[in-house]
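Model the full structure from these sequences, guided by the hints.
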Amino acid sequence: MEDLQQFKQTYFDESGEFLAVAEAGLLRLAPGNVDLDEVNAIFRAVHSIKGGGGAFGFSELVAFAHEFETVMDGVRSCTIAVTDALVNTLIRANDILAQLLAHARDGTKPELGFADPVVVALRHHAQTAADAVQESPAPSTPATNLPETVSRVVTVRFQPKADLLMTGNDPTFMLRALTHLGTAEIECDVGGLPTLAHLEPELLYLQWLVTLTTDASLVDIQDVFEFVSDDSLVEITEHSADGASPTASPSETDEAAGGAVTPGLAPATRTEATVATVAGAASPSQLALYEASAPALAAGDSKAAAGKSSTAGDGAHLNLGGHTIRVDLDKIDRLVNMVGEMVITQAMVAEHVRDLPPGQFQELLEGLEQLAQHTRELRESVMSIRAQPVSSVFSRMPRLVRELSSETGKDVVLITAGENTEVDKTVVENLVDPLTHMIRNSIDHGLEKPDDREAVGKPRTGTVHLSAQHRSGRIVIEVADDGRGIDRPKVLQTAIKRGLVQPGINLSDEEIDNLIFVPGFSTADKISNISGRGVGMDVVRRNVSNLGGRIGVYSAPGQGSRFVLSLPLTLAVLDGMVISVGLERFVLPLTNIVESLRPKATDLHGLVNRCDVMMARGEYVRLVYLHQLFGIPDAIVDATKGLVVLVETEDGGRLGLVVDEVLGQQQVVIKSLESNYRRLDGVAAATILGDGRVALILDVAGLQEMSQHARSPASRSVADAAIQLPAL
Amino acid sequence: MEAVVKKKVLTVDDSRTMREMVAFTLKGAGYEVVEANDGQHALTVLGNDKVDLVIADLNMPIMDGLTLIRKLRATPQYRTTPILMLTTEADDKKKAEGRAAGATGWIVKPFDPSKLISVVQKVCG
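The listed protein sequences correspond, in order, to chains A and B. Numbering (this note's numbering) for the first sequence: 9 to 736. Numbering (this note's numbering) for the second sequence: -7 to 117.
Only pairs whose alpha carbons sit at most 20 Å apart, straight line, appear in this in silico SDA-like list of lysine to any residue:
{"no.": "1", "chain 1": "B", "residue 1": "Lys(-2)", "chain 2": "A", "residue 2": "His74"}
{"no.": "2", "chain 1": "B", "residue 1": "Lys87", "chain 2": "A", "residue 2": "Asp171"}
{"no.": "3", "chain 1": "B", "residue 1": "Lys19", "chain 2": "A", "residue 2": "His74"}
{"no.": "4", "chain 1": "B", "residue 1": "Lys19", "chain 2": "A", "residue 2": "Glu68"}
{"no.": "5", "chain 1": "B", "residue 1": "Lys19", "chain 2": "A", "residue 2": "Gly65"}
{"no.": "6", "chain 1": "B", "residue 1": "Lys107", "chain 2": "A", "residue 2": "Ser67"}
{"no.": "7", "chain 1": "B", "residue 1": "Lys19", "chain 2": "A", "residue 2": "Thr78"}
{"no.": "8", "chain 1": "B", "residue 1": "Lys19", "chain 2": "B", "residue 2": "Asn29"}
{"no.": "9", "chain 1": "B", "residue 1": "Lys87", "chain 2": "A", "residue 2": "Ser237"}
{"no.": "10", "chain 1": "B", "residue 1": "Lys63", "chain 2": "A", "residue 2": "Asp171"}
{"no.": "11", "chain 1": "A", "residue 1": "Lys16", "chain 2": "B", "residue 2": "Asp104"}
{"no.": "12", "chain 1": "B", "residue 1": "Lys101", "chain 2": "A", "residue 2": "Phe64"}
{"no.": "13", "chain 1": "B", "residue 1": "Lys107", "chain 2": "A", "residue 2": "Ser225"}
{"no.": "14", "chain 1": "A", "residue 1": "Lys16", "chain 2": "B", "residue 2": "Phe103"}
{"no.": "15", "chain 1": "A", "residue 1": "Lys498", "chain 2": "A", "residue 2": "Asp517"}
{"no.": "16", "chain 1": "B", "residue 1": "Lys(-2)", "chain 2": "A", "residue 2": "Ser67"}
{"no.": "17", "chain 1": "B", "residue 1": "Lys19", "chain 2": "A", "residue 2": "Ser67"}
{"no.": "18", "chain 1": "B", "residue 1": "Lys19", "chain 2": "A", "residue 2": "Phe64"}
Calculated from the structure, these hints are not laboratory results.
Have a look at this one:
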């Protein structure tokens, strides 16, 4: 507790989870669809964020959370009606809360007054409800609106020991705390009062019988008497049926602890003798009795009740905690890294052993075979630690769809499948942007307006399917809509207008569809608030390709379109093709490779002062001599004597890489070049091959860029890197 | 809506962090909070200021929490004032000692802010 900092991270982590809980709950909240359990969960989430924030002194956050919580409390007690406007305000409030948390985490100041509009809206909702309560002649109704299924009747008999007040305890506060737990009917037994002459003003002569209709647990009720239960009589009896008449009087079994009560006459001083029958928890007028002696703040009521709720929440959290542990990501990454090293070492050993004379070291070879298998399993297990279900990203999409639906006036249903598909944490994090764009695109451009849909015989409500699945070592995510499909004539026209396509060229349907990914295409004439976030599909494709992924679109006019995104399951290993240039080895990501071929001299053409091109399958492809680009000596200079590997970048550009030899396919462990050396153009990362040599993993898009500029700018750097890397 | 008179709480602890956490949490819940470094300091503060609740750490330099509680209970003005003691874990022996000295109740450290608020409300409204 001395060092608050150590709790902060936990607080932010937990708060993130709370925000997600609140958001999920709010998205399901709708007029006529009010699940009190869910409302309670939202309340608890906000309350817990507020509580923790208080501990760390995030005053703005606490102040805002308080406004939020007040309204949620109103919803919870059914004094605030659930309307669309309210839900929208609450969702915005959750956003603001997230932003305030981010500011608190980063130690930055939020813009002055940025939360004000939402605060005003929240207060408006709270105020409307308060007015309604004021007007209502029977203010104790709210609690009775609660479904009776969860509530039950508990009687509490409380007979404090006579000198209870001497310890600073005050029965009125305990009774008050009980009223926070539900609807309380409090009867005061004044029979123990002595005559005035015998009355000790500082002793207690009263006892109480409280009939409590509550959904609170017995522990919560016992907790109220935590400090006095040792020496006062506290008897809690539970009655099974709801609505049962609370006639049950306490059984006389537990009389032992009861404080001796001397007979007398006059009223006790501190405990108002007027407290005869007090009913209702939320009614201001009835609480006034207590308020007189307890001038608490306006929100005091909700606080006490909230305290209890959050305790219940902690309990739930603890249950979950039994199956999971929180581990610093760095630790896992170190582990992944070590296993990566082990895989390399194992591969090296296996390679050395291959040269041993056969038959002589049978046991060693068998042992190594087993080692290889265990290493593989270990690697998979470790990789799976970093794996997370995509549900954390999928769960954000209903919100997006909801917003888009209201902005565009289109009715949309989102159907998701495969939320539990797991993929590396980094991949999951990087999914948000592309998914957001794909769904925006589907709703904004794909789906028609309800009337238009009806006109072509479709249901008025459009459907967007979002699914994830594992397919051949990759995760494939699809966004499919049942809209009008891609308007090919319009796309082609736009592309021609922007100079992306020569007029008169014949393009296949698929080629036209994929024009939307070409840079410069989506600077649309009408930048809508939705798709026009200043980021086009080209940027999406580039980001996806940076992760080793691919994105494509398939469309059927009038029936809809389907975006398909495929990503590697992990960013720690890569399927690559090992190639050689001179004495150097390089790895090309398999996803980039189209084919490799040995060109005939007639296929090659030189362009004046520029570069060579090659005719491959009826298309001119620019040739890139890797030996030239990286300044590698003793390499094959003549493409007809070496090989040309045809590679394709994600935006469709093709290159022919001139190499000496293709050595074979291999799964390699990716080592960051940036963290071990520095960034190099044309190089994505490095790896260590089975023979212990460092090989650079080529970045095809980077090579393409380089080849368009000057020649061999990176030659020295690669030589340097090759010298430095073995010391990794 | 806001009540005019705020309840005043004295937090007595030799750890500034602890005092500030208590103070912040309770201020957020609408209480007025005054602070003291130890039992002796608390008595000085209480000499000038009437409070509705005292939250005292037990292990403090100069004057420990139990001594403070006994001294307060011997002072007519504070004979029935709620006093909560801070204990480091659910230590029954310490609780018994505290109750014998006249403590109203206890708060176990480390505490959840909402728990602190609910306990405080339980003893002083």
